[in-house]
Each structure stands twice: as C-alpha cells, then as structure tokens.
Amino acid sequence: MKTLKYKDYEGTCEIDAEDEICHGKLLFIDDLITYEAETPKQLKQEFESAVDDYIKTCVELGIEAKKPLKGQFNVRVTPELHKEAILRSYNDNVSLNEVVKRALESYLYVSHEVNNHFNISIASQQSSIPSAQPQWFSMSTNTADNSYARH
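Numbering (my numbering), first residue to last: 447 to 597.
Hints in this document: simulated from the structure, not taken from any laboratory.
Check each hint, because a few of them may be wrong.
[Said to hold, decoys possible] In silico DSS-like cross-links for lysine-lysine, where the CA-CA straight-line distance does not exceed 30 Å: (1) K471 / K512; (2) K516 / K502; (3) K490 / K516.
All values derive from a computational prediction rather than experimental measurement.
From just these sequences and the hints, can you work out the full model?
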C-alpha cells in the first residue's frame, strides 16, 4: 500500500478500479478522516486539505491532533519460532524484546547491523593422535563490517 505524506501526517492512497475513484484515510489518528478524488493528483490535494482541516478542527476543539504510538504491540508467532527467539536471546545475552527489535530493524532498514553466531566442530583425522577429540569454538560474524571473532 502506498502512502501520502504531508506535515508529518500519513494517509493511504488507494484506487478503486470498479468505481473509478481514488480514496484514502488519515493514519495514526483517533478519528476517521477520509478523502477521495477522481485522479491521483487530485487525491494528493484532497489528502493535504484533509490534513489541514483536521489540524484546524483539533486546534478549535482543544484536542491533541495525533494518536501517539506507544512502542508496544503484541506479536503472535508459532511456538517453534518463539522458542528459537528465546534461544537466540539467551545466546546473544540480550532480552527477547531486543531480539524482536533487532529483527524489525533488520527488516525495515536493510543496512542495519546483524550479528550471527556459529558453533563449529573440527575433528582431526590424523593417525598420530590416537584419541582425537573434536575441538569446539564459536564464531561471531558482524554483517556491518564482515568481521569474525573466535571465542
């Protein structure tokens, strides 16, 4: 879905091909404010007029114009994904909230730093070591600078 932006407000921009009309609504406010037009160019003008009118009306009524976002929301995932996220938070020594925050940042901002951890087992097949035990070490990668660190 495409959105329109004006004066720190966002609104939807939709086309109804059957009714041959463009329409939308203001987002992130407590009231339902809609607008419509015959063309996309006119829709942008109607959106801006709706924002101006909304701001003016809020000032006249003495109410807050925007609906503040709390930064909290429920996320529903499968039990398996929940378990993997908790294990990841444990391995990274961060909270589950931090794991979700990082995942969202990675999704929204592709260049965001992502850390990956690997456990690698190396077993020697040399005959000079009769009871070779696997050597364990973990490796962390940082995609922001492609560095590797042995732990």
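Results for each hint:
1. K471 / K512: Status holds; Cα separation ~14 Å.
2. K516 / K502: 25 Å, holds
3. K490 / K516: Holds. K490 to K516 sits at ~28 Å (cutoff 30 Å).
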